[in-house]
Every structure is written in C-alpha cells, then in structure tokens.
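A.B. asks: Mind assembling these two chains? They're in different frames, but the hints should get you there.
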Amino acid sequence: KNQVEQSPQSLIILEGKNCTLQCNYTVSPFSNLRWYKQDTGRGPVSLTIMTFSENTKSNGRYTATLDADTKQSSLHITASQLSDSASYICVVSSQTGANNLFFGTGTRLTVIP
Amino acid sequence: DTGVSQDPRHKITKRGQNVTFRCDPISEHNRLYWYRQTLGQGPEFLTYFQNEAQLEKSRLLSDRFSAERPKGSFSTLEIQRTEQGDSAMYLCASRLSGGDTGELFFGEGSRLTVL
Chain A
8 KNQVEQSPQS LIILEGKNCT LQCNYTVSPF SNLRWYKQDT GRGPVSLTIM
58 TFSENTKSNG RYTATLDADT KQSSLHITAS QLSDSASYIC VVSSQTGANN
108 LFFGTGTRLT VIP
Chain B
1319 DTGVSQDPRH KITKRGQNVT FRCDPISEHN RLYWYRQTLG QGPEFLTYFQ
1369 NEAQLEKSRL LSDRFSAERP KGSFSTLEIQ RTEQGDSAMY LCASRLSGGD
1419 TGELFFGEGS RLTVL
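Residue numbers (our numbering), protein chains in the order written: chain A, 8 to 120; chain B, 1319 to 1433.
Same shape as in the complex, but just chain B (with noise of 0.2 Å):
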C-alpha cells in the first residue's frame, strides 16, 4: 500500500508525559500536513512542510509541540509534558504541491488518549 500511513493508531499515556507519532507521506509528495481533530469537529491546521521545510504552525501549536521533517521524508510530532486537553485524533497528509487541485490524501490517524 502507498497511501499515507501513521504510528501508532492507538496511544495511551498518563498526564505529563511525553509522545510522538511518524507520519510517512505518499512517497512523491513534498507536501505535509499534521492537523487536530476532536470528535464531532473538522480537522483543525496545525503545522505544514514543504520538502524538510516547516513553512507554517498554527498558533495551536503550542510550545510542547514540535514537528520534524527530516531530509523532507517521514515527519514526527512531539508531544512534551501532556495535557488531559491534548487527547484528540492526529491527522496526517500529504499532497503535491503545484497547482491549486491537487488532492489531500490522509493517514488513518493516531488517537492519542491523555489519563
């Protein structure tokens, strides 16, 4: 398969600490996308890369968070110190960039739970 693919689906942790999950995008894609979403809601931006280039962060995205895209592959988003408020689906996706048509294509996701 070669869509967009996430680890872990699943993620339980206990307030304070820290997680992260990997996002490997569509091989071709240059661009990616991390976003929050909780239930009942869409999808809100948190920060994208273009190639190894984070090129925007959502003002969600607090200074626990950090997001990486090394050498413009995979990307990894880092949780420090969680908050019970941080529990939500993390979206990832990933789309060529060129052109205003080009489809958004996601992960599964990672359902992170904070206790």
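Bound-form chain A, shown alone (with noise of 0.2 Å):
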C-alpha cells in the first residue's frame, strides 16, 4: 500500500534554531518527492523537488536530503525565522496510476521569540 508517513507531527523551536523534519514512504515504483509548505489558511506551496538520482537539494535556508534505499527525506531548516511556522507536507509521486499522487499529513512547525 502506498503511504507517506512524517515526523514529528509537531514541532515547537526557538527563533535562530535549526530542525529536521522527517518523512518516510512506501510508494512504488517512485518519480519523486515533493516538500510543500503550508501557512495557516493558505493554500500549501511547494519548496523543492527530489527525484531518484538526487541526494541532496538545496532552497535558502531548506535543505532537502533523499535516501531512495531506504525510502526516507528529511527537510532541514536552518536558523529559523517566525516566518517558517507552517505546516510542512511531504508528497510523494509514483510512476504509475492515473493519480498517483500521495500526501503526508504535514509536520506543524512553530518558530517562537
């Protein structure tokens, strides 16, 4: 069964600290990853993309890794703002299947002063 699971399901952090959420999956045969942020009452917006040959991306302060062996991504933030208290979803795409598309259920991060 294709699911997309993340981790943890919430996160409180001190402005100017660094964190990492996590998601883990098991779509197959996968085609990518997709990080989405989602801002209270907002539409999500994707933040980077990760295929198969790709370990490692980068988008300002977001870093993206992907382990395709084990089926796993993080995305780390570094030196948050309070502008980075979102929901962070990860969506995976297989290759296959008319939608073929599939959500996690977000991680809320809260930047607080």
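Just so you know, the hints here were simulated from the structure itself, not pulled from any lab data.
Nothing here was measured: the structure is a model prediction, and the numbers come from that model.
Check before you lean on any hint, since a few could be wrong.
[Said to hold, decoys possible] Listed below are the simulated DSSO-like cross-link pairs for lysine-lysine, each with C-alpha atoms no more than 30 Å apart in a straight line:
#1 B/1389 <-> B/1329
#2 B/1375 <-> B/1329
#3 B/1375 <-> B/1389
#4 A/8 <-> B/1375
#5 A/78 <-> B/1375
#6 A/64 <-> A/24
C.D. replies: Below you can see the structure in the form of structure tokens.
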C-alpha cells in the first residue's frame, strides 16, 4: 500500500535554531518527492522537489535530502525565522496510476521568539 | 495574477443546504484536482480531471458531492444537503500532465463551515 508518514506531528523551536523534519514513504515505483509549505489558512506551496538520482537539494535556508534505498527524506531548516511557522507536507509521486500523488499528514512547526 | 483561484474563500451554511465552490486553474494546466483538508491533516484526494474528463473519484466523494469541469477550464464542486462533517478546507490544484515532475499548484482554498 502506498503510504507517506511524517514525523514529528508537531514541533516548537526557538527563533534562530535549526530543525529537521522527517518523511518516510512506501510509494512504489517512486518518481519524485516534494516538500510543500502551508501557512495557516493558505494553500500549500512547493519548496523543493527530489528525484530518484538526487540526494540533497537546497532552497535558501531549506535543505532536503533523499535516501531512495531506505525510502526516507528529511527537510532541514537552518536559522529558523518566525515566518517559518507553518505546516510542512511531504508529497510522493509514483510512476504509475491515474492519481499518482500521495500526501503525508504534515508536520506543524511553530517558531517562537 | 495567473495562479489558481478559488471562490468563495469562506462559506458558512446551515446543515442541509447546498453549497458550490469554484476553481479557476492556471490556464495552460490540463489537470485539475480537488482535495479536502481538515485541521491538522494533510490534503485528502477527492477527484481529478484531465481536461473536461473526470478520471478518478475517491471513495470520500459520496453521492452528495459532484464535480464538473465543463470545457476543460474552470471547475465546480457542489455539496448537496451539507452535514456538519463536511466542514473542512476544500483545496483545488492544477498541473500539466505528461512527465512525473510537474509541480502541483494549489489555490488558497475554500473553507466551509456547516452549522
């Protein structure tokens, strides 16, 4: 069964600190993995995409990693800012199927001053 | 702005009433998706269209739900005889078909509250 699990469910950190969010998946055959940021009351926005051959990709203070062997991805946020407070959703695409997108339940990050 | 737009952004209705949401995708995108999202959860797939054809519907989409995409442009999602359990954010997203790496662009969502 194609599933995406994220941890932790929620996280509170102090402004300026780093944090890492996890995504484990069982989606097969794997195509790509995206991390989305969703501000409260808004639609999700893509942060980064990881394909099978990519191990690490950065987007400013966000760095995503992918281990296709263990089917794990992480999103590392450096020097957190108050504006990083949001839900971060992991979405994994399979190569087959009419609807080939599988969503995690997200990690709710709160950055406090 | 040429992003995905949804209307209305907020809807409060009484149980038993019908509601309709509209989604205007990015103009060149031929795939359009509807998702439902409740507090603290990720988006749950409801249905999707390729052009005007509705290709898949989730089991979540009961008989009270219907979606259309006439002429392959905008889409509507109608909920008949609303129930309190229908209260959620309804998200629309669009993307280009072909290729597996196409980004899904989301609208801001339509938040439904059923009293």
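A.B. asks: Does residue 8 of chain A pair with residue 1375 of chain B here, judged by a C-alpha cut-off of 30 Å?
C.D. replies: holds (18 Å)
A.B. asks: Compare the distance between the alpha carbons of residue 78 of chain A and residue 1375 of chain B with 30 Å, and conclude whether the hinted pair is satisfied.
C.D. replies: Between residue 78 of chain A and residue 1375 of chain B the Cα gap is close to 28 Å, so the pair holds against 30 Å.
A.B. asks: Holds or violated: are the alpha carbons of residue 64 of chain A and residue 24 of chain A at most 30 Å from each other?
C.D. replies: Holds: residue 64 of chain A and residue 24 of chain A sit about 20 Å apart, inside 30 Å.
A.B. asks: Taking 30 Å as the top limit, are the C-alpha atoms of residue 1375 of chain B and residue 1329 of chain B close enough?
C.D. replies: holds (23 Å)
A.B. asks: Please verify whether residue 1375 of chain B and residue 1389 of chain B have alpha carbons no more than 30 Å apart.
C.D. replies: Roughly 19 Å separates the two Cα atoms, so the pair holds.
A.B. asks: Holds or violated: residue 1389 of chain B and residue 1329 of chain B, Cα atoms, limit 30 Å.
C.D. replies: holds (26 Å)
Of the numbered hints given earlier, the model fails none.
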